[in-house]
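Let's have the full structure, built from the sequences with the hints guiding it.
Chains as they are written, first to last, in full-length UniProt numbering: chain A, 1 to 197; chain F, 1 to 197.
Source of the hints: derived by calculation from the structure; they are not laboratory data. Glycine included, C-beta positions come from ideal geometry on N, C-alpha and C. Some clues are possibly wrong.
[Claimed, not checked] The following label-pair restraints were derived from C-beta to C-beta distances:
1) A:Lys175 <-> F:Lys89: 33 to 39 Å
2) F:Ser32 <-> A:Ser176: 43 to 49 Å
3) F:Glu194 <-> A:Arg102: 38 to 44 Å
4) A:Lys33 <-> F:Tyr137: 45 to 51 Å
5) A:Ser14 <-> F:Glu56: 38 to 44 Å
6) A:Pro19 <-> F:Tyr137: 45 to 51 Å
7) A:Gln64 <-> F:Glu194: 35 to 41 Å
8) A:Asp79 <-> F:Leu181: 30 to 36 Å
Protein chains: 2
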Amino acid sequence: MVANGKANGDFHTSYLYNPDILHGLDWKSVQSKVTPFITNENPGEDYFLVRPLQIEDYDKGYLQLLSQLTTVGDVSKTDFEVQFRKMQKAGCYFVTVIEDIRDSRIIGSATLVTELKFIHKCGERARLEDVVVNNTYRGKQLGKLIVLTVTLLAKKLGSYKMSLDCKDQLIQFYKSLGYSLEPGNANTMMLRYESKL
Amino acid sequence: MVANGKANGDFHTSYLYNPDILHGLDWKSVQSKVTPFITNENPGEDYFLVRPLQIEDYDKGYLQLLSQLTTVGDVSKTDFEVQFRKMQKAGCYFVTVIEDIRDSRIIGSATLVTELKFIHKCGERARLEDVVVNNTYRGKQLGKLIVLTVTLLAKKLGSYKMSLDCKDQLIQFYKSLGYSLEPGNANTMMLRYESKL
Numbered sequence: 001m002v003a004n005g006k007a008n009g010d011f012h013t014s015y016l017y018n019p020d021i022l023h024g025l026d027w028k029s030v031q032s033k034v035t036p037f038i039t040n041e042n043p044g045e046d047y048f049l050v051r052p053l054q055i056e057d058y059d060k061g062y063l064q065l066l067s068q069l070t071t072v073g074d075v076s077k078t079d080f081e082v083q084f085r086k087m088q089k090a091g092c093y094f095v096t097v098i099e100d101i102r103d104s105r106i107i108g109s110a111t112l113v114t115e116l117k118f119i120h121k122c123g124e125r126a127r128l129e130d131v132v133v134n135n136t137y138r139g140k141q142l143g144k145l146i147v148l149t150v151t152l153l154a155k156k157l158g159s160y161k162m163s164l165d166c167k168d169q170l171i172q173f174y175k176s177l178g179y180s181l182e183p184g185n186a187n188t189m190m191l192r193y194e195s196k197l
Numbered sequence: 001m002v003a004n005g006k007a008n009g010d011f012h013t014s015y016l017y018n019p020d021i022l023h024g025l026d027w028k029s030v031q032s033k034v035t036p037f038i039t040n041e042n043p044g045e046d047y048f049l050v051r052p053l054q055i056e057d058y059d060k061g062y063l064q065l066l067s068q069l070t071t072v073g074d075v076s077k078t079d080f081e082v083q084f085r086k087m088q089k090a091g092c093y094f095v096t097v098i099e100d101i102r103d104s105r106i107i108g109s110a111t112l113v114t115e116l117k118f119i120h121k122c123g124e125r126a127r128l129e130d131v132v133v134n135n136t137y138r139g140k141q142l143g144k145l146i147v148l149t150v151t152l153l154a155k156k157l158g159s160y161k162m163s164l165d166c167k168d169q170l171i172q173f174y175k176s177l178g179y180s181l182e183p184g185n186a187n188t189m190m191l192r193y194e195s196k197l
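Right, dumping it as structure tokens:
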């Protein structure tokens, strides 16, 4: 286990979690999946920066990026900051973004959420949520980059497994990164309550 | 939104979350799904008690029950209590159990976990995890009872949706409770790290 943002109070609190834990991820284990080879610390272009979500990202187009994925709705800066601080305090949210530092825009994001269990020796499992890459940046492997970054981060944090729910057309993409549909046990079911929007 | 255990400090701390929030769930909305009609407050037999997990449940067979579901491994009482307190502090874990008070055994359990989002107006989604009922208690609708209890609890807590991952043979059961496989978007994919056990 590695100290997360909550446990380690000496990082700049504008980060959702401690950026130090993104150093030294086990990219060797997935090297064959990424050609040309890039990592979160060497993301292929010197103007890409992979880092934890920051509270300032409200003004860097983070929510506009998420709106490429699903409905965001009206979220004021205060709403955003309140939710950000709740997540930071909880210590189980690892929202990770790619910034294009040329114009200070968030162009990719993926969320790792960890969940405590009693099963598996009081283990911790991980989930991949809300993956999105700005569709004007195709061909730079940024989808792979952001998904593998949080996948390797979950491994480093000690999770025993990581799961995701996805649409049919994304199955091949996730298979290429090491995820699989387990035979007979690969169903996501949903119940939607009355919409809040 | 309803105050959960974390926000409301006046309940007995042996509970994982505030038992008061289990009162007055919207059973009317699911009445047609349960025949004969039972609820968490009237579970069909006077010796069944539906309540939040308690720290004392380590000695009431809770982990033995979970081992009917999957690998639990060696979990000492201290391990259990440490994990219990972490979950209690986090405030997003709603492990709910059925006790047979005749012999003080835990005979059913389901976990609701809530997750904070920026999407959907900084909404909250819910997940159903680790559903298990002692298989010597068949025919008493305890599976329905425990799943609907946490499903209605998530609604009360303000979640915009609740999801679950399940094996093929459980699809019909969850359909009968209101869950659905959404066309083209019902895949669970998994990546397992080196086993901890």
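Broken hints, numbered, in rising order?
-> Violated hints: none at all, because every hint is consistent with the structure.
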